[in-house]
Each structure stands twice: as structure tokens, then as C-alpha cells.
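Novice: Generate coordinates for the entire structure from the input sequences, incorporating the hints supplied.
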Amino acid sequence: MTDKEDALSTALDQRLDDLFDEGNLDVEEPKPSVSEKSSAPKDKPQNSRPNNFKATESQQPGGEVMRGLNALLLSMEWEIDDSVMSKYLAEIQRLQELHKDDMFFINFTKMLESIGLYLKRHKVHAHQDTLKILQEIQAGLGLLVDMQDSLSDKEKKIYFNQTYERFQVFRKQITGKSADVTKASLNKNTELVTLIRGIVRKELAMLRKELLEELRSAQPKQP
Amino acid sequence: MEFTLDLDRQQIEKIEKILDEELIELGVINVILLDLAGNVIINLDNGSTQHDVYSLAALAAGNFGAVSAMANLIGEQEFSLLFHKGETDSIHFSKVTDDLLLLSIFGKEVSLGFLRLKVSEAVRKIESLFG
Amino acid sequence: MALINPKKKEVQVKIVYYGPGRGGKTTNLEYINQKFKSRIKAEMVTVKTYGDRTLFFDFLPLDIGSINGYDIKIQFYTVPGQVKYNATRKLVLRGVDGIVFVADSMGLRREMNIRSLQNLEENLRSFNKDLSRIPLVFQYNKRDLAAHNIALLPLETMQQDLNAKLNAPYLEASAITGDNVALTMKKIISITIGSLKKKLEEK
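Protein chains in written order, with the UniProt record's numbering: chain G, 1 to 223; chain F, 1 to 131; chain A, 1 to 203.
None of these hints come from the bench; they were simulated from the model. One should not assume that every hint holds.
Using C-beta positions, here's what the derived DEER-type ranges look like [as the list claims (entries may be wrong)]:
| hint | chain 1 | residue 1 | chain 2 | residue 2 | range |
| --- | --- | --- | --- | --- | --- |
| 1 | G | Trp78 | F | Gly47 | 21 to 31 Å |
| 2 | F | Lys125 | G | Gly63 | 16 to 26 Å |
| 3 | G | Met147 | F | Phe79 | 39 to 49 Å |
| 4 | G | Asp146 | A | Asp63 | 29 to 39 Å |
Covered stretches of chain A (chain G as the covering partner; in silico rule of three or more C-beta atoms under 8 Å from a C-beta of chain G) [stated by the list, open to error]:
| hint | region |
| --- | --- |
| 5 | 34–47 |
| 6 | 178–186 |
| 7 | 189–200 |
Cβ coordinates follow ideal geometry from the N, Cα and C atoms, glycine included.
Specialist: If you want it as C-alpha cells, here you go:
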């Protein structure tokens, strides 16, 4: 045995002697009833929060119309791969075909389509909020579908604008992010956004015109 | 008696960097890289937690072993998704190599689908470190 | 398979308490956990099944502080003793650095001790490990029962049954009263770390 080894075993023995010295316990152990650690997590507000998770799984907005799309979004919650993304985009196209006369519906789905394409293409490199935005916009569309009959076009427009703003903010985040990650795919992404912007502008212009006419006709004639 | 891994300081730092960039930045609360004997190799967190990582690692290794044995019993090589969902926080397990496991603890604001993407990306990067 | 982390300057060592069912493995760790609570500052984790038997394992982390600049963390595990839980026993043995074999001194348990030791040897072999080359301490438990007029195996018999070839250190103990429980633990830590150090130097 070398001196070095000796020193180690002496140090270890000393440490163990100190640790396991039964004759010299500082405080006689009061029976530890509940340990600090096991009680720590209980400090968290465990039951005070509403269970958001359940709500998103059982009662999603949009009813029958949105059922397929909502199911696919839930699948994405579990796994994001080409298969689920393709199905998602296909479902959007199917819905667009079915609702081609409903411009609000079409514009909402265009946003979803754009984000869906972005997520499909970038996957792990996509912005970390991508799924969250998709959920927000899709829930927004679901609400629009649910309240279809009780909303005026003006209200729908305000509603759309709010969502579109959110989409815009996200788009800026993405372009900021992807600028230093992937440049090639950026062009296609901006193309899409420009496309959507074009559609939305046209749509808004039309709405503005309609609204103005409506307001004009509703105004009492000046005496 | 062998030693699980011969990781030097530099390798550990590289792995830490990968885990930090891929997972902690995503919003994951706590990432633990452990071996199947239950040893903690790397432990990173977002600074707002104090989990008992040694016990977590011991239980995770045992749990992973138990679940793998279950997979074999039903004729599966292994299960690809090992995940426990809590009301506030959830745990996701992923095999990195035959001996290494990655455990991620994350809150509601992180989606599992996205976490899984990030975890496989991190695993890919770690694998490439070992050549 | 100890884990050495050169960045954190930390060594993790795994020590497993093995032995037949109801032999006192969990009681060993519980005693340490209760008695030295204030020093260990650790948390014992236990996965129990119906009727308070160990289902999976017990786990007690013990930080013995810094030695030669390395922070030494010992992880103690027990295995479920019941015969039917062999799959879990194997899981727990994975990566073991040192073993305490807790044998039951009661006359009735003689066969069970021998079978459990054989089982340990087989399980280690499945990991390509040789029992004779692993740091090992025998603890002949429940010696306190002699005072209750319960027939105990003579020490010589136990040594002959279990330790004749292995010739490992052994202690008579009582996990329930705490007799030699800490000493067993000290012994296994000390020979396991000694052996690790030797392995490290050979590398």
C-alpha cells in the first residue's frame, strides 16, 4: 500500500467514523414524521387550478365541422411527424373546399395552413410557440364556427383582425428566428404570408366598403 | 467493475450545452441524463426547481427497466413513448444509448409533441458526439 | 460501474443490500435513515407492495462528503427478497459496486439464505460479474432473537453455508435494534471505495 492510499483510507475511515458515530448524535432523532422533501411539492397549488388539459380534450370549439382538424391538432400534441402534418394540411384543404363561400372561414384556415406548412417543413427547428399559435388560431376558428349565426359581419371582422394580428406577431418572430437558421425556406414562407396578406387585404377592403355602405344607409337623413 | 462512461470534462460540457439549447431554452424545467444503474450524469434545470435528482434517477432507471421488461413480455422491442402526465408538471423519458436515459420534466406550456422533437434532436446531437 | 463526473468532481457508488425475503434489508436502511437523519440529510425512497413488502427497491442516498477532492455519493438500494421478484432484483443489481448480503439467522431460514446467495451469483453472472470479485460483506441478521428463545443458526453454520469459499468480511447484527447496522454499512463503504480506487489506478 502506498502512502497516498493510506492517506485516503485514513481520511475515509475518519469520515465514516464521524458519520456513523452512534454515541455522539447531536440531537436524538425525533421521529421524522413528514419529510421536508415529500411535503415540498404539496406547497404547489395543486388542486386550485382548473384542469385545462381536460377542457381541451373534451369540449373543443367548432363542433362537428372542426372535429377532424381538432383531432389532428391533438395528435400533434403527442407527435409531430410528416404523416400527421400531411393529414392536417389535407383536412384544411377539404374544409376550404367545403366552405369556399365563407371568406372568414377561408382566411382563418389560410393562417392555419401557413403555420402548418411551416411546422411540417421545419419541425424541430420551428419556433417553440408554433403549436401554441396553431391552437390559438384553430380555437378561434372553432369559436367563429360555433357563433356563426349570432355574429354580425362587423363582429366577425373585428374577431378576425385580432387573430390576424396575433398571427402577424408570430410571423415576425419566425422570420426573426429563421433568418439565422434557415434561409432557403424563408422565401417560401414569406411568399405564403404575402399571399395571405393579399387575400386578407382584399377581403378587408371589401368589408370596409360594405360597412361604409351599411353605415351610410343606416344614418338618419339630415334634416 | 467497470465505469459507466468515460466522459471527460469537455464532453460533459458539450452535452450540457446541447441539452441547454434544445430543452432548457424550450422551457423544460429539469433535464437529467442518467445511466441505467441510476447514476446522475448531468442535471440541468431552469433555476426554479429543487428536485431530488438522485432519487428521481434511481426510480427512473428502475421504472425504465420495468417498462422495457413489460415491452418484451408483449413482444415489443421497446416502447417509443414513455411519458407521465401530471396536473402541472409531466415527465418524459427517452433512451439515448443502450446505457443512457434522458429524463425531461416540463410544465403545461411545453407541448409533448414539440418536446419529443427536441429530445430526439438532442439525442441525435449527443450520439454524434460519441461518433 | 461507479460513475465519476470529472466536471462536478463527484463519484457515485452503488451498494445493494441483497438477501432472502423478510431478512431485514429494508430495516437496515430504515435504521440508518432514522438514526442518522440529522447528518445524512437524505431522503429514503421506498416502493412497497401490499403488506409492506419491498416491491421494487428501497433507495437511500448518502453523501459522505469530499475525499481527495471528490464528492462521494453512495446510493444504497435493497432488492425485493421474495423469490417471484427476480426480474426486479436483476434491474437493481445493474451497475452494482458493492453488496451487503443480509442473511436471516433463524434456523428455519437456512435453505432460503443459501438459495438467495445462489440467485445473487446467477444474476451477477448475467451481467458478466463474478461474486467473488465484488466487494461483499455478510451480515448475519436477527441475532437478537436468541434472547427470545428462538432457534438461531450457529455462526459457524452460516459461515460454512454461505461464506466458506468467498471468505468475505462478516458481522453478526440486529437490524431491528440497530446492532452492527452502522458498522456493516461502514465496512461495505470502506471496502467498496478501496476497490474502486484500485480499479481507477489500474486504468
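Novice: Verify the CB-CB distance for G:Met147 and F:Phe79 against the hinted window 39 to 49 Å.
Specialist: At 42 Å between Cβs, range holds.
Novice: For the region 34–47 of chain A, do at least 3 residues have a Cβ located nearer than 8 Å to some Cβ of chain G?
Specialist: Since 8 is at least three, the answer is holds.
Novice: I want to verify a distance hint. Is the separation of the beta carbons of F:Lys125 and G:Gly63 within 16 to 26 Å?
Specialist: Roughly 43 Å apart at Cβ, these two residues miss the hinted range, so it is violated.
Novice: Taking 21 to 31 Å as the hint, is the beta-carbon distance of G:Trp78 and F:Gly47 inside that range?
Specialist: Once the Cβ atoms are compared, 29 Å apart, the range 21 to 31 Å for F:Gly47 and G:Trp78 holds.
Novice: Can you tell me whether the CB distance of G:Asp146 to A:Asp63 sits inside 29 to 39 Å?
Specialist: Distance hint for G:Asp146, A:Asp63 is violated at roughly 57 Å.
Novice: Three residues or more, CB to CB closer than 8 Å: is that satisfied between the region 189–200 of chain A and chain G?
Specialist: It holds: at least three residues are needed, and the region 189–200 of chain A offers 5 whose Cβ sits within less than 8 Å of chain G.
Novice: Quick check: the region 178–186 of chain A, covered by chain G? Criterion 3+ residues, Cβ under 8 Å.
Specialist: holds (count 5)
Against the hints set out earlier in the document, violations occur for numbers 2 and 4.
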